[in-house]
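If you're matching them up, the sequences are chains A and B in order.
Following the working numbering, the numbering of the first sequence begins with 11 at its first residue and continues without gaps.
Following the working numbering, the numbering of the second sequence begins with 303 at its first residue and continues without gaps.
Hints in this document: simulated from the structure, not taken from any laboratory.
Treat the hints with caution; some may be incorrect.
To be verified - Ranges between beta-carbon positions, derived for each pair:
1. L279/A x Y461/B: 48 to 54 angstroms
2. W140/A x G438/B: 33 to 39 angstroms
3. Q484/B x W39/A: 54 to 60 angstroms
4. A324/A x L587/B: 54 to 60 angstroms
5. I437/B x V104/A: 53 to 59 angstroms
6. G438/B x V136/A: 32 to 38 angstroms
7. W140/A x S467/B: 46 to 52 angstroms
8. P310/B x V136/A: 24 to 30 angstroms
Where is the CB? At the ideal position from N, CA and C, for every residue including glycine.
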Amino acid sequence: MSKVKELILPVLLAVAVLAVPLVIKNPYWLNVLILILVWTSLGTAWNILGGYAGQLSLGHSAFFGLGAYTLAITATRFGWNPWLGIALGILLAVPLSLFIGSITFRLHGPYFVLGTLAIAEVLRLVALAWRSVTNGAVGIMVPRLFMGISRAPFYWFIAAVAIVAVGLTWWIERNKVGYYFTAIREDQETAESIGINTTGYKNLALVISAVISAVTGAFYASFLSYIEPDIVLSEPVSLQMAIVAIIGGRGTVLGPTVGATLLVLASELFRAQFKQAHLLIYGLLLMAAILFLPGGVLGTIQQRLKDRRAARLAATGATFVARKEAS
Amino acid sequence: MELLAQLPQNLVSGLLLGGMYALIGVGLALVFGVMDIVNLAHGAFLMVGMYTTYLLVNHLGLDPYLGILVSGPILFVLGMLIQRLVIKRIATASHMNQILLTVGLSMVLVNTAQLLFTADYRQIRTSYAETVIRIGSVSMNLAYIISFFLAVAITVGLYLYLMKSEFGRALRATSQDIHAAQLMGVNVQNVQMTAFGLGMALAGAAGALLTPVYYLYPTVGENFGLKAFTMVVLGGMGSVVGAALGGVTLALAESLGQIFVGHELKDAIGFFVFILVLLFKPEGLFGRARA
Chain A
11 MSKVKELILP VLLAVAVLAV PLVIKNPYWL NVLILILVWT SLGTAWNILG
61 GYAGQLSLGH SAFFGLGAYT LAITATRFGW NPWLGIALGI LLAVPLSLFI
111 GSITFRLHGP YFVLGTLAIA EVLRLVALAW RSVTNGAVGI MVPRLFMGIS
161 RAPFYWFIAA VAIVAVGLTW WIERNKVGYY FTAIREDQET AESIGINTTG
211 YKNLALVISA VISAVTGAFY ASFLSYIEPD IVLSEPVSLQ MAIVAIIGGR
261 GTVLGPTVGA TLLVLASELF RAQFKQAHLL IYGLLLMAAI LFLPGGVLGT
311 IQQRLKDRRA ARLAATGATF VARKEAS
Chain B
303 MELLAQLPQN LVSGLLLGGM YALIGVGLAL VFGVMDIVNL AHGAFLMVGM
353 YTTYLLVNHL GLDPYLGILV SGPILFVLGM LIQRLVIKRI ATASHMNQIL
403 LTVGLSMVLV NTAQLLFTAD YRQIRTSYAE TVIRIGSVSM NLAYIISFFL
453 AVAITVGLYL YLMKSEFGRA LRATSQDIHA AQLMGVNVQN VQMTAFGLGM
503 ALAGAAGALL TPVYYLYPTV GENFGLKAFT MVVLGGMGSV VGAALGGVTL
553 ALAESLGQIF VGHELKDAIG FFVFILVLLF KPEGLFGRAR A
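Starting from the given sequences, assemble the full structure and let the hints guide the process.
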């Protein structure tokens, strides 16, 4: 019964998100919302590995780019249906993430971060050099997933991805997997010593995170209808994924959603004024978040609420609590 | 055989570039290896050094090599300021937070440069760059030769300074055991601030030396920043000499490797080497392991 009750609010929220295009018809705002959902999906994907399992990857552009290029290459070179391309991207994300994991999970702390960065950079350079397949810096024109002028189908697709990603995080947080992830984040050696297969669970977090990133990458390629290595495989993609999650709140279910909303809106606001300045703003926000809000927006709010609840409980008096528990 | 014919030229080019890599690596070794701060903004500081030199050459008509005397001190002061205001607050924080903070710092520096100078590729013109010296089949650009010797001179000078001076001793003591150093009367706060400033000054000097031989654009430092970690790791953490040797090794690996993989994948060699060293020889090629 309580399980069903717990589900009511999330399901209502998901329905509300899906209903948005019925109300908002303005293409500009629909585009902004699609971007928010793209970054929500990416930030949420990153958050599962970086926020919950504590493995700070700065190389997730590898999976985003894999999804984008698989769709683009299969559609333009082999004439595949773009939906098949998305499916293949998802399939390929699994071995690629396991391969990258088999290298980087042997590294610790800053070396893990630098290792992920280095691998993603190698992939970008290969994509630039391998012109016969990727067209190099010229890029590829990508077919659209949905015909017609309406942006709504794009919205529904990426909204579904975001809802699945956030829902999965919600589920993970409430189950054994989530506790294992957190145990690994807090103290890997202790987690190992109580019998958690740390490498296995780290790989699980990576695979989930890679698959969501790849789907989003494929979607983004088709939404933009053009890709090149510096758009989908570059360091800024990896950085933004991390920044979205960190500013919103690492290791919280809705943190990346909050982060994506704030950052996309901020960048729309600033893009109008100065062309490239939104990355400058991101940098400043990131520094401010680390220095003053290390838990991110949502993490800090949650901590405040928890503190207040604890304080209120203490004020009500321990005897009262004890009596209530006894009855 | 065509490959063999290319060899001497690439060897010399690699060595000349290696001098500058050494300087970049040593700067990062001071901050990362010695002070244990994961600084992903090192490349951005190098970029600031390059644009400072560019401005001096273009607006004051200064010789680019005199630019070191200006960009070095500017970066030294900027580095100390940033250490005092920002880095100090996270000196004891987790490596993750250090990385994220310096990533933020790097984004701020790079995008400020982009606002000020646009993303255009720029180049300064010097008489040296057009002078080519030929020995046998090997040709060398005069600017490269001057940059190389200056880089080596600065690296050696720094090494001697760290080994002989009172400050050098204090810095080495702080890196070995910060609490013991403090008990022995070392002002570790000042040492850490100065070490960060010095690391940035070296990045600035390397930037000044690169300006006559390289293009500049706001993201030019990104590649060098990640490569600098390769050099430090190759050299064995915490070793300034090791980082210098790591720089030369990496430059040689790149210039010889590009004979086989082509110019476009030259930068990938560095990252590839980085991963291999971390996996199979984490104590570095020239150093001892540090916990």
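Practice item. Take the C-beta atom of I437/B and the C-beta atom of V104/A, compute their distance, and say whether it sits inside 53 to 59 angstroms. Key: holds (54 angstroms)
Note to self: The hint says 48 to 54 angstroms between L279/A and Y461/B; measuring C-beta to C-beta, is that right?
What the structure shows: holds (50 angstroms)
>> Is 24 to 30 angstroms respected by the C-beta to C-beta distance linking P310/B and V136/A?
In response: holds (29 angstroms)
Exercise. Between A324/A and L587/B, does the C-beta distance stay in 54 to 60 angstroms?
Worked result: Holds: the Cβ-Cβ distance is about 58 angstroms, inside 54 to 60 angstroms.
With 54 to 60 angstroms as the target window, see if Q484/B and W39/A comply at their CB atoms. Distance hint for Q484/B, W39/A holds at roughly 57 angstroms.
Q. Lying within 33 to 39 angstroms: is that true of the beta-carbon distance W140/A to G438/B?
A. At roughly 36 angstroms between Cβ atoms, G438/B and W140/A fall inside 33 to 39 angstroms, so the hint holds.
Notebook entry, point to check: Is it true that W140/A and S467/B lie within 46 to 52 angstroms of each other by Cβ?
Noted result: holds (51 angstroms)
Taking 32 to 38 angstroms as the stated bounds, is the beta-carbon spacing between G438/B and V136/A within them? For V136/A against G438/B, whose Cβ atoms are near 35 angstroms apart, the range 32 to 38 angstroms holds.
When held up to the earlier numbered hints, the structure conflicts with none and fits them all.
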